[in-house]
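Colleague: Line order of the protein sequences matches chains F and R. With the working numbering as the guide, the letters of the first sequence map in order to residues 16 to 248. With the working numbering as the guide, the letters of the second sequence map in order to residues 59 to 564.
There's no promise every hint is true.
[Unchecked claim] So the derived list for chain F, only partly shown, Cβ under 7 Å to chain R, looks like this:
hint: 1; residue: L139
hint: 2; residue: Q233
hint: 3; residue: L236
[Said to hold, decoys possible] Lysine to aspartate or glutamate pairs mimicking EDC-like chemistry, simulated, CA-CA at most 20 Å apart:
hint: 4; chain 1: R; residue 1: K550; chain 2: F; residue 2: E99
hint: 5; chain 1: R; residue 1: K413; chain 2: R; residue 2: D348
hint: 6; chain 1: R; residue 1: K458; chain 2: F; residue 2: E103
hint: 7; chain 1: R; residue 1: K458; chain 2: F; residue 2: D100
hint: 8; chain 1: F; residue 1: K171; chain 2: F; residue 2: E157
Just so you know, these hints were derived from the structure itself, not from any lab. C-beta: ideal position from N, C-alpha, C; glycine also.
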Amino acid sequence: MLSAAAAIEEGVRIPSCGRALEGTLTYALGEVRACALMAGPHPFLGGDMQNNIVRAMADALARRGVVALTFNYGGVGDSEGGPEDWPEAMSAFWRDGTLPAEQDWCEDTKSAIAWLRNSCDAPLLLIGYSFGCWTVAHHLQESYAQAIVLISPNPKRHTFDALSDAPVPLLVVHSDNDFTCSVSEATAWVDALREPKTRIQLSAGDHFFRGHEEEVTQAVLGFLDDRDILRDE
Amino acid sequence: MSADRTVVFLTGATGFLGHYVLADLLANPNVCCRVLLRPPIQDSTTRLRKLLGELGLNLSALIADGRVVVVEGALPESLGVDDIRGADLVLHAAGNTVFHTNGSSEPARTNVNGTRELLSLAAEAGVGRFVYVSTAYVCGAMAGHLPEAFYPTVPPVRNDYERSKWEAETLVWDWAKQFGVATICRPSILFGDGESGRASAMQGLYVVARATEILARAMDSSESADRRQIPLRILGRADATCNVIPVNWAAEHIVRLALHSSGASSVHHITNSDPPTHQEVKGWLEEYFDIGGGRFSDASWPLQDANHYEDLFYSLGNVCLDYFRNGLTFDSECTTGLPAGMRLIDGASFARCLKYAQETNWGRASGERTDFRSRRGGFDPAWYFEEFLPDAVPRSAVAKVEDLTAVVQYTIKGAPGGSWVSRFRNGQLEETHAVPCNLQAEFEYLLSYEDLVDVVACCRPLQDVFFHGSAEMTGDVERALKMVPIIGEFIKEFPVVGEKDSALAC
Ligand SMILES: NC(=O)c1ccc[n+]([C@@H]2O[C@H](COP(=O)([O-])OP(=O)(O)OC[C@H]3O[C@@H](n4cnc5c(N)ncnc54)[C@H](OP(=O)(O)O)[C@@H]3O)[C@@H](O)[C@H]2O)c1
């Protein structure tokens, strides 16, 4: 195993649909075993690349030889773009719980995947948290990822049909106390998904896993180890 | 007064009006000023230095020369008789301008209790002259041509502010019967400096101008709508007037009245004898922003059937409509000296003020944080929720989030803490109350005082104190989360700056 060397964080700019997104590459010196794209929660629900789960995953993966890319969707932090008429978009989101910009953020995820593929010649992992589950699942097939991890997905709000397009190992991590999706809903949803799949239910934390980031990262690393994706030579 | 020197005890020197008053007092080489500044004194001195600097005065040099002495204190308490003793007159220009009573008991606390305390200290210190800055709108809803006279019975006031100013006038008038001479100055609505267009606060007519700018911007980005035919109802009569006056002109007259007493108590309207009509202001605004189409209407506020443009316009402008509706006129000795044909506010001076306002981002120089600090020294959550939010939210982008309807609770743990509930309806912040109150919140943010300070200063996003800190969201968490970016945008627009070296500096 690699030692728990401090991860290096490097700011990057990712071109996406004519604008530049803010991103951070997190990695440790040494052998590169994989690269991972982390897609974060919904920008209109306070989501950014500093999110506790996004950051914890990137750090944990980097310590295991993974080059992790986190990024801000258009209009978040220093990323260019975002809805032109912010109050109108916010108003629509408040009313309907969805907004057209979500398609742009889905495209941003595609751009970030392409950027990571070009920058790092290693097996790719897709990891989404909350809203990010939907954006990564959307690009699973064309990404040629080795595995996909969905943390706190919300199948009641988003469709995940694209998961069927590429039968790569899938891990779903959810809490037994998630306000967006009950245990029975999450179980029934995962049961209906194609194989190969693994469901891990944590009785720690809620949708946000605040203070329980370690349990989440351990669950994900264990899943990747079991599939020999991160195992030492 | 001593033969060669007049010592003025001045309150409100850091205010929009007060710093012009101070500059005019100091223009007289025989005047020395003792200036009341609220704690922390370093912070208030820094603000005053900046304000005077913009008027070409050097506060440090004035202090070194003994022309200005700063006195730390806040009304109604924390002042002693020795602070006032030796002054020839008190010029009381401090005031609280919130319209409705809040949880800090303002505006009565400062305007009534503060004035009472100052009068009592003046009497004890043997200061026989008291100049009080009131407001022309102490008249409330009175109509017609108003005399320059004390109103012995309470006028038909429309809000707690007007009432507090009348009560203060009464205290001053009664004090004079026993202890000396009172001069009551009643300015109308203050506008920018008639020469430079400068203003350090932008309320009143500025809110209408900013609402017009918002409308013009909306037209800029609309391809289909005709910017010269905006279907906007303007609540008021075309021929009614906006009694606005340049702040420097008001200060000049207050200082003249303060330094040259006739020996008897008197009341003075510092008002515009030839104020612009609403029609004129509309024309100036239309020309400046290159729009047109609004028409005057006798519809009443709030508009039940407001269209998109009216929603945009009145998201900022409702506050001051009362003051732009009636066609009052005031008796005023101040304007008799004006050269024939000269107007206090004309199209050119109005445009200068708008230009200055735009250049300073309506009082918030770009990239700079607005100095909306606590009114009582360190950051005060009660001030933030009860005074600052109701003032700033209507001027922010939040007011345009039309579907935002929610009842939100903020609970601040630790000292100074507390709990407040706000009701938003269609983007408008309708009410905020300290808990306990009758409003039932749908969700609640619980955060520590330290986290609140970081968040409102824009040092740390709200989501960060939640995801990485100890803040909590309870109730309908999904809606609480949805509100987070709205709060974030608001704080970016209206960050609160703190005093140096304090928790608010980051
Ligand atoms: N603005 C108008 O259009 C208008 C029209 C007519 C009459 N007036 C009257 O003119 C006066 C000045 O108004 P303004 O527009 O210049 O107000 P402002 O900009 O809000 O300034 C108020 C001043 O009073 C000070 N102050 C407030 N509460 C105080 C307290 N409890 N103890 C000590 N000082 C206190 C403030 O100190 P900090 O800087 O520390 O807050 C500031 O120096 C007020 O009496 C107001 O009623 C104003």
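Colleague: Please list, smallest to largest, the hint numbers that this structure does not respect.
Modeller: When the structure is compared with the hints, numbers 1, 2, 3, 8 turn out to be violated.
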